[in-house]
Every structure is written in structure tokens, then in C-alpha cells.
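S.K.: Chain by chain, the residues:
2 protein chains.
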Amino acid sequence: MFYVIGLGLGDAKDITARGLEIVKNAQRVYLEAYTSILTVGKEALEQFYGRNLIIADRELVEQGADEILEDADAIDVAFLVVGDPFGATTHTDLLLRAKEKGITCKVVHNASIMNAIGCCGLQLYNYGETVSIPYWTDTWQPDSFYDKIASNRRRGLHTLCLLDIKVKEPTLESLCKKKKEYLPPRFMSVSEAAEQLLKIIEKKGVADSEELAYGVDTLCIGVARVGSDTQQIKACTLEEMKNTDLGPPLHSLVIAGHLHPLEMEYLVQFAKSKDRLQQIA
Amino acid sequence: MFYVIGLGLGDAKDITARGLEIVKNAQRVYLEAYTSILTVGKEALEQFYGRNLIIADRELVEQGADEILEDADAIDVAFLVVGDPFGATTHTDLLLRAKEKGITCKVVHNASIMNAIGCCGLQLYNYGETVSIPYWTDTWQPDSFYDKIASNRRRGLHTLCLLDIKVKEPTLESLCKKKKEYLPPRFMSVSEAAEQLLKIIEKKGVADSEELAYGVDTLCIGVARVGSDTQQIKACTLEEMKNTDLGPPLHSLVIAGHLHPLEMEYLVQFAKSKDRLQQIA
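Residue numbers (full-length UniProt numbering), protein chains in the order written: chain A, 1 to 281; chain B, 1 to 281.
Treat the hints with care, as some may be off.
[Unchecked claim] No farther apart than 27 Å at their CA atoms in a straight line, the calculated lysine-lysine pairs in the BS3-like style are these:
(1) B:K24 x A:K272
(2) A:K24 x B:K24
(3) B:K42 x B:K168
(4) A:K13 x B:K106
(5) A:K274 x B:K99
(6) A:K42 x B:K106
(7) B:K168 x A:K272
(8) A:K106 x B:K42
(9) A:K24 x B:K13
These are computed hints drawn from the structure, not numbers from a lab. Remember, it's a predicted structure, so these values are computed and weren't measured experimentally.
Looking at chain A on its own, in the form it has when it is part of the complex:
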């Protein structure tokens, strides 16, 4: 049997009782370690689970599916992913490969940022399409997510922005070499995301500011380490978010749409004051 098990968002104790039981009994257990991270590392998980984990980095997952799935028709293999198993297309692909090989698969769901973002008090059914904000380079500055935010905002909907993660990215220089060298891991902060979002509207110009999807004064909510003991949430303007430090990763950003009274009431605890929040909203 091939199990894909969601670990949730915080630390080792966020695995479900069902997931833990499988992890304890499986012959091999992989930990996927490049699409997301917990607030604790491999060692803390191994200690809590009472067993060794095999790190599955991008190369192994994308090119070594056969290795991961080896003998899974006869023995139990578990593949652990941060959040929920269906959060990344990579895991869907791995399940497909397993099914092709005639291996029975089971999925153990858990919280992901797609539902845990409810913690900021904006109701999940008031969100539109989720967007991803990638790190820009000097020569590659995509902004296709801008139109999606605009479309959500026009209909009064909130937008969850997933922020880029770069783990085990080979350096440009080593791409053609046999032995790859890797860049240090990077996790986009709410501050970096706000800066990129503001650069986009600068480029679009002030002439049609009424037409912009959002402005410097648009209410946004930054969240960090959701579900952990050090979780942080801040509600302020996009301009203020640019100068906000919510600490270590992972961060996500919400661009607010129309606020309902209960949402406003809940959000106050994360703003400077009720007056300030009402002023922004």
C-alpha cells in the first residue's frame, strides 16, 4: 500500500492519529521537503514518530518515483507532505504513477493553508481564486496574478496569495555541471510580497488609479507560521505591510475584498485599533 499523509502546518504533533499509526508501521517513510516546510525539522519529527525518515527532495520526487514506489504493492510505504496531500500537483502526479503500477493508494488528509487561512477571521466562502506570487528576477517579472486579484476584488472577494518557496534550487552556473551546487533556501515574506505587489501598480501608473486592482491603502492581512505556537497575524495597509516583519517562514498574504461585519469584528484583534481598521477598510 502507498500512503500519502498530510502533516498539517505547525509541528510534529499536527499529524492525525490515523497518520501516526501508519507512519509507525510502514516499512519506508519519506518526508517531502521542497514544496513546503513545518516550523520544526526532520529530527523533531523522527523523535516524535519514533522512527527514521528518508528526505525526498525535488530530484527524488520528480525523477525517482520508481524508487519511492518500489515494492509498495507488497509492503507499506508512506510519503509525508506538509499541509494536505493535494496541495501540490507533484503529489497528485505521484498518486497517478502508483495507480498505473497497480499499487493501492490511501490518502490521509490534514489542514493546509487553503483552509487554515480561516484563522484571520475572513470567511472561506468569501475568497475568490487563490494566486501564487513568484520571486522576481532581473529578467523575469511575471504579474499574471494581478488580473486574478482584480477579478476577485471586483466581486468583493478576498484573495489568498501563496508566497514563493525556493528550496534546493541549483545555481545558474552549476546547471550544466555533473555536480550541482545549490542556492540557499528562500521563503518569500509578506514584506517582499507587498513590495512586488506595489511595484506592479507603480508600473501600471497612477493615471487610471480608479481602475487598479488595489492601491497602497488596500487592506491586507499577513500571516506567519499558521497553526504553530508562534503564529502571527497582522492587518494593515499594503504599504505598511512592506515594512512589516512577521519573523521566520512560512508567510502568506491575503488581499481583502468586501468585509462583512463579523469579519471586521474578528479582524480587529490583528489591527492597530478598531478605528484604524475601519479607516482602511
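With the hints as your guide, set chain B onto chain A.
M.R.: Then chain B, alone, in the frame of chain A:
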């Protein structure tokens, strides 16, 4: 401390290790029992947790917040909800009441249908706004969700439809009486949902069929008991869904938007055949 703990979607073992630890040690533990249900009842949970649970029905949650929160500044009180704690506005409201009373609150996240719907293979970031489909009566037949589905479909996005649940609804006759009588619980099936959706387009007429949000041949995906061992998923036309029985609750329905190749590839396993799926899509 006041804990709100998500139970996930399947059965007793879907609670997280963190959640289970809190449940075992709390002085009082409530089980919210009217916005959603697991595939098992109170007794199975009590057996797995090794302790008694207090059922929190609609009356207690909406009118008895003081009772639930009593002494939670000095002792540990846990409030268990199916799915994730932020799935229903009721729970957000309870957290607000606790904060007003100066009670420290902690939330333990878990899977909810909002992210576990990924199990059908349609990617979560390709969904637009989520809608709720209520049971119609002879005199009350709201269809405001139609425009939301239309808006999602225009942009190629999928729509998750949450289906109505009626638990402990007082009978009309007993509404003014001291001792209320209750209707038997009802959980909308994918078949009932498809029937209502088809009635809406019938009413809108065939004259502007090009303009309709969806048609009898639109691809939809019905899911039942997500996350449990008896989970069922079926991909077919809306007309076929009307005649589909996915068994006991809970059910949810997805109206597909534009399908990406990987989504199509994953969805095949839930359709009659690859050819049939391609024909519908």
C-alpha cells in the same frame, strides 16, 4: 484555556495528536453536532478518546455560549468541530465571545472539505468562490448561488458546492410551543443538488442556452464521505448525477470549469471511461 479543535472529516482517528492530547486532559469537552457530521457517532469518538463528550446542539451553541465558556479562564475547555474550526461562522463567533471574556483561546486546525475536495484531482487553485446550496421549500427557492457558478465558469474555474444539512430543525407547528418538536435530520445528496441545479436552468429557459452557467451535459463531480474508508467519487454529467446514489452523507458537488491535462488524467478513474470523460469535458 478555551480550545477549538478540528476533527477532520472521516472518523475518530482523524483528530491530530495535538488535538487528542488536549481532549484527554480538558475538564469539559463539547462536540458540536449540527453544522456537520463524521461517518461515526458520539460513542465511537468517546471510545477512542477514552472520555465523555457533551453534545452541543444548535440551541446550546447559539444561546448557551456562557455555559460552554464557564470557568474557561481557570480550567481547560475543549470544543470539537467536524472539519476545521473556521469552517462555520458559528465557531468564529464563539471564539470572539471567549476573547471578550478575557479567555485565552487556541485553535487546532484539521482538514475540511474546502481543501480535502482536492481528492477528486481538480487543483485547489483552479477553484473560484465556494457556494452553498440550500434545501428548497414550496415557497422558498433561492438561487443566488447560480450567478456565482456562472462567474466562476466564465473564468474557467471550478465551483465547490456545499450541500445543505438540516439537523435539529424545529417543526413549523412547534416553533411557538414551549416544548419543541424536531424534524428528522436531512443531508442533501448530490442527486438532490443536481436536480435543483437543473430546475434553475429550466426556469431560465432554453432561449438563451448559450448564456447559461451550465447545462444538462456539464461535467460535475460528486463526492461522498471524503476522507473515510467508504469515500466515493463520481465524474459524470449533471443530468447523470441526478440519477446517481453515492450512499450515506455527507455529500458535496463540484461543477467543473476548464480542465487541465493533469486534472483530466486524474479524473478518469472516477468516470465511466476516458472517452466518455473527454466527450463530456
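S.K.: When you check the alpha-carbon spacing of K13 (chain A) and K106 (chain B), does it fall within 27 Å?
M.R.: Given pair K13 (chain A), K106 (chain B) holds - Cα atoms ~15 Å apart, limit 27 Å.
S.K.: Within 27 Å, alpha carbon to alpha carbon, are K106 (chain A) and K42 (chain B)?
M.R.: 25 Å, holds
S.K.: Straight-line Cα separation of K168 (chain B) and K272 (chain A) no greater than 27 Å?
M.R.: 41 Å, violated
S.K.: Regarding the pair K24 (chain A) and K13 (chain B), is the alpha-carbon distance no greater than 27 Å?
M.R.: With Cα atoms ~14 Å apart, K24 (chain A) and K13 (chain B) stay inside 27 Å; holds.
S.K.: Sort out whether K272 (chain A) lies within 27 Å of K24 (chain B), counting only the CA atoms.
M.R.: Violated. K24 (chain B) to K272 (chain A) sits at ~37 Å, over the 27 Å cutoff.
S.K.: Take the C-alpha atoms of K42 (chain B) and K168 (chain B), compute the straight-line distance between them, and say whether it is at most 27 Å.
M.R.: Answer holds: K42 (chain B) to K168 (chain B) is near 16 Å, not above 27 Å.
S.K.: If you draw a straight line from the CA of K42 (chain A) to the CA of K106 (chain B), is it 27 Å or shorter?
M.R.: The hint holds at about 25 Å.
S.K.: Given the hint that K274 (chain A) pairs with K99 (chain B), does the C-alpha gap stay at or below 27 Å?
M.R.: 15 Å, holds
S.K.: When you check the alpha-carbon spacing of K24 (chain A) and K24 (chain B), does it fall within 27 Å?
M.R.: Measuring from Cα to Cα gives roughly 21 Å; hence the hint holds.
Hints 1 and 7 from the earlier list are contradicted by this structure; the remaining hints agree with it.
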